[in-house]
Amino acid sequence: MGINPIEYRAWKGVRSAQDSRLYVIAKSVFKHRIRSIGVIALLGLGFLLIHAFQLIFTVMVPHESLDAQTMYDYMGSGGAFAIFAILLAAVVTSDLIADDLANSSFVLYFSRAIKVKDYLAGKTVAALSIMSLLCLIPPLGVAIASMATQTGSDYWGSAEIMGRTVVAGALATVFFVPYGLMISSFTKRKSYAAVGTFMSFFVMTIVAEIFAEFDDAWRIISPAESITFSFSWIFGVEMPSYVNGWALLCFIVALVAIPAVVVYLRVRRQVVGK
Amino acid sequence: MDLDTALTGIVAIARHSFKKLIFSRKAVITLLITVFVAAVMGYAGSQDVDPLPDGTDMLDTLILFFFMPVMAMIYGASLIRDEIDDKSITHVATAPLDRSFSYLGYYISLALAVVVSMIIVNTAGFFAFFAQNDLGSEAMEVYLEFTVLVTVGAFVYSALFLAVGVMLKKPVFFGLVYAFIWEGFIGSLPGAIQKVSVKYYLRSVGSDWVDYGRMSGFDEALGPLASGLVLVGLLVFFVMFGAYLFRETELA
Amino acid sequence: MNTPADARTSVMEAQALSKWYGEVIGLNNFSLDIRHGITGIVGPNGAGKSTLFKLALGLIKPSTGTISVLGQKPWKNPGIHSSIGFCPDYESLPSDSTGREYLSLVGGLHAMKGAALSGRIAEVSRLVEMDRALDRKIGGYSKGMKQRMKIAGALLHDPEILILDEPLSGTDPLVRRDIIDLVKRLNKENGHDVVVSSHVLFEIERLTHDVVLIYKGRAVATGDISEIRDLIDKHPHNIVIEGEGIGGLAKAILDEGFTVSVSFNEGRTGITVQVSRPDDFFSRLPELMERSGGSVTKMYSLDDNLEAIFRYLVGR
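Residue numbers (numbering that gives the first Met the number 0), protein chains in the order written: chain F, 0 to 273; chain B, 0 to 251; chain C, 0 to 315.
Derived from the structure by calculation, the hints contain no laboratory data.
Some clues are possibly wrong.
What the hints assert, rightly or not - Below are the DSS-like pairs computed for lysine-lysine, each with C-alpha atoms no more than 25 Å apart in a straight line:
| id | chain 1 | residue 1 | chain 2 | residue 2 |
| --- | --- | --- | --- | --- |
| 1 | F | 30 | B | 194 |
| 2 | F | 26 | F | 116 |
| 3 | C | 112 | B | 19 |
| 4 | B | 169 | F | 187 |
| 5 | B | 86 | B | 18 |
As the list claims (entries may be wrong) - Non-contacting residues of chain F with respect to chain B, defined by C-beta distances greater than 12 Å in every case (computed):
| id | residue |
| --- | --- |
| 6 | 13 |
| 7 | 16 |
| 8 | 47 |
| 9 | 190 |
| 10 | 201 |
| 11 | 241 |
| 12 | 252 |
Given the structure is predicted, the values throughout are model-derived calculations rather than measurements.
Glycine residues also receive a C-beta, built at the ideal position from the N, C-alpha and C atoms.
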């Protein structure tokens with residue numbers, strides 16, 4: 000082929016605002032992850048084992064209003080809710096940064112007008128969206144179904160409990176994602192990231208069990224137990240006496256904030272260079 | 000193929016893989032686990048405990064039946080699988096060495112690496128606990144007994160997870176389910192079902208040696224000789240099975 | 000030096016060889032016979048070159064048909080690897096090892112040890128000009144350095160036959176020239192047989208005249224490269240011409256004996272001409288333009304590439 004005139008034409012469309020670019024990333028990641036067999040299986044199993052029974056029970060059994068203890072028993076006790084949330088977070092977050100590290104997609108992202116915070120925000124929004132399908136939307140659905148089928152007239156009271164349910168669901172949605180993203184940023188292999196996330200939570204649980212033989216207050220370092228204690232505070236149910244509220248708050252904030260900072264610094268380092 | 004050629008090849012692979020395991024980034028995991036176990040057992044040792052039974056229980060629960068299979072899984076499940084995935088297996092696959100011998104080289108390096116790592120962890124945990132309590136001859140006896148158990152367990156679990164790494168494309172997920180759920184849960188159930196776990200046979204051997212803690216009171220134990228033979232049999236089976244699979248695997 | 004008897008012996012032979020991966024066909028009823036010397040395997044990406052080499056090395060087994068290297072079947076025959084040196088096209092070097100450690104491993108796998116191995120490592124690394132970088136981590140090597148290291152690994156045990164899968168891919172012109180010179184020296188001075196693959200015909204041209212053209216899993220042509228070059232010139236060419244007064248030019252071209260067809264493009268701003276003798280067409284074109292009064296603003300050939308050759312050969 001000879002040398003031909005370039006037929007490239009300039010694009011004269013309107014560019015979207017900087018802030019909205021994270022939604023492009025979020026949408027792409029969401030669409031990709033929601034098709035994953037692991038995610039679908041966990042969502043399906045989680046819904047069947049945790050939410051479906053509660054939904055049916057709520058609708059069938061007559062009740063005066065939406066009750067805080069009932070919602071706490073459904074979301075908090077038994078630990079199954081927390082275990083599924085941990086598993087889902089491990090699976091959803093495992094490849095979000097690991098895959099980009101493995102195939103050097105940072106070049107693709109950051110050779111465009113995208114900042115590190117946009118990139119991370121996009122990934123996080125996608126992960127939170129999927130987590131909410133297990134942790135927030137089904138409990139909200141149960142709360143709405145309960146309100147819709149209640150026999151009493153105290154709808155304001157029920158609405159308040161629904162609000163607490165939203166807070167509890169939002170906490171469960173957010174709690175495990177930053178840690179999973181942090182582990183994902185440490186490795187190029189998503190399987191290692193998933194295993195690492197799950198294992199670290201499991202090890203924390205084992206340590207909590209061992210240390211609890213000497214002092215029950217150590218139970219707060221188990222992620223599953225700490226979120227359960229948080230639910231009891233949110234729903235106004237009596238918390239065990241050995242739980243120090245401030246220590247619990249510090250632990251929760253640390254488990255969310257520190258990984259978020261670490262992952263930001265790691266991605267920035269990757270993009271900007273050492 | 001003569002014996003000298005085969006041995007030279009096996010040693011070359013074993014040396015290279017051992018260095019890769021011990022001096023790679025995965026060694027950070029060994030370090031973290033060591034520090035972690037020392038911290039946990041150190042804290043436990045500082046509490047009001049009955050040293051020999053409680054210390055033995057902690058070695059049993061934390062090291063022998065939790066971190067050892069996990070360590071073997073982390074190192075073993077990905078040793079050959081990673082090389083197949085990134086195609087660095089090419090130089091092994093194109094060597095004039097039967098793949099079964101190559102596999103043996105990988106196994107030797109893996110087993111040694113896991114043994115070394117677990118002895119470090121076991122030693123750190125033991126001294127963190129017992130140094131605060133009772134470091135007499137009985138405690139040292141417990142240390143030696145657990146060192147042997149950890150060594151035996153490392154050889155068997157390494158054989159298992161190396162074979163799994165050749166068999167499956169995503170061996171880490173299987174390893175996770177096996178190490179946490181199968182060994183952790185099934186291996187602890189009463190009755191005959193626990194006999195389908197490596198943990199049961201290790202515990203049976205241990206129950207004859209160790210005089211303290213839950214392990215000494217393991218009343219569903221098979222005899223130590225029979226358990227030992229089963230463990231050896233499992234090791235041989237997993238190594239041979241893995242070698243056969245590796246020989247038959249297409250490395251596209 | 001090859002004797003006439005050696006010249007008749009096959010280095011690599013395949014008969015009705017097929018390999019498929021599920022529904023994807025890697026090789027399809029493929030036959031070839033490679034003799035001593037340097038032989039080029041040429042084909043576009045996805046043609047089956049790497050599949051052929053993996054079968055030749057016993058990394059994968061044939062679905063049907065046979066393949067033999069130096070008279071032996073490669074699958075589950077590790078002994079044959081002592082006679083083959085392989086340089087793959089993919090990244091296969093352990094990035095955490097130094098070059099020396101990598102070569103020590105390869106040597107150990109070939110039962111080389113001690114001072115003999117150390118000496119051989121020094122010799123081979125000098126040959127590929129990697130002696131100074133031998134103690135650096137492979138992860139820090141450039142692409143050209145990694146190619147050289149792979150070649151060093153292939154040469155270490157002094158094999159009879161070298162199989163080089165796209166050894167020039169991704170290298171700069173200087174490295175490319177060095178590798179080409181090295182391969183030719185290995186054959187001429189040391190008597191190594193070489194089978195080298197590429198998707199770039201002119202690269203192979205610089206190495207050898209004996210080529211096998213492979214396309215979509217089939218061997219479409221074998222022989223001297225000059226015969227392939229003739230095919231490029233002889234096969235019908237499609238040429239696009241755009242400009243002013245194209246109608247008159249089209250009529251003039253249509254009257255010529257080498258013209259197979261002329262068609263107008265959309266908008267009638269140009270024509271696509273199919274000619275049987277492109278050399279004659281190009282030499283006549285200026286006169287035809289002058290006679291017709293047309294002027295040309297753009298002209299290009301759709302077929303002056305290997306892909307077009309393959310399509311033509313397969314369609315014959």
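Does residue 194 of chain B sit within 25 Å of residue 30 of chain F, going by the straight-line distance between their CA atoms?
Status violated; Cα separation ~44 Å.
Does residue 116 of chain F lie within 25 Å of residue 26 of chain F when you go C-alpha to C-alpha?
16 Å, holds
Hey, is residue 241 of chain F genuinely clear of chain B, shortest beta carbon separation above 12 Å?
16 Å, holds
Does residue 252 of chain F really sit off the interface, with its C-beta more than 12 Å from all C-beta atoms of chain B?
22 Å, holds
Distance rule for residue 16 of chain F, whose beta carbon must clear each one in chain B by more than 12 Å
Since the minimum Cβ distance to chain B is about 40 Å, residue 16 of chain F lies beyond 12 Å and the statement holds.
Beyond 12 Å from every chain B Cβ: check whether that's true for residue 201 of chain F.
Check fails; 7 Å does not lie beyond 12 Å.
Given the proposed pairing of residue 86 of chain B with residue 18 of chain B, does the C-alpha separation stay at or below 25 Å?
19 Å, holds
Measure nothing beyond the straight line between the CA atoms of residue 112 of chain C and residue 19 of chain B; if it is 25 Å or shorter, mark the hint as holding.
20 Å, holds
Minimum Cβ separation between residue 13 of chain F and chain B greater than 12 Å?
At about 44 Å from chain B, residue 13 of chain F clears the 12 Å cut-off, so the statement holds.
Could you check that no beta carbon of chain B comes within 12 Å of the beta carbon of residue 190 of chain F?
Non-interface label fails for residue 190 of chain F: nearest chain B Cβ at 4 Å, not farther than 12 Å.
Are the Cα positions of residue 169 of chain B and residue 187 of chain F separated by 25 Å at most?
Distance of about 15 Å is within 25 Å: holds.
Separation of residue 47 of chain F from chain B, once the least beta-carbon distance is taken, above 12 Å:
19 Å, holds
The structure does not agree with the numbered hints 1, 9, 10 stated previously, though it agrees with the rest.
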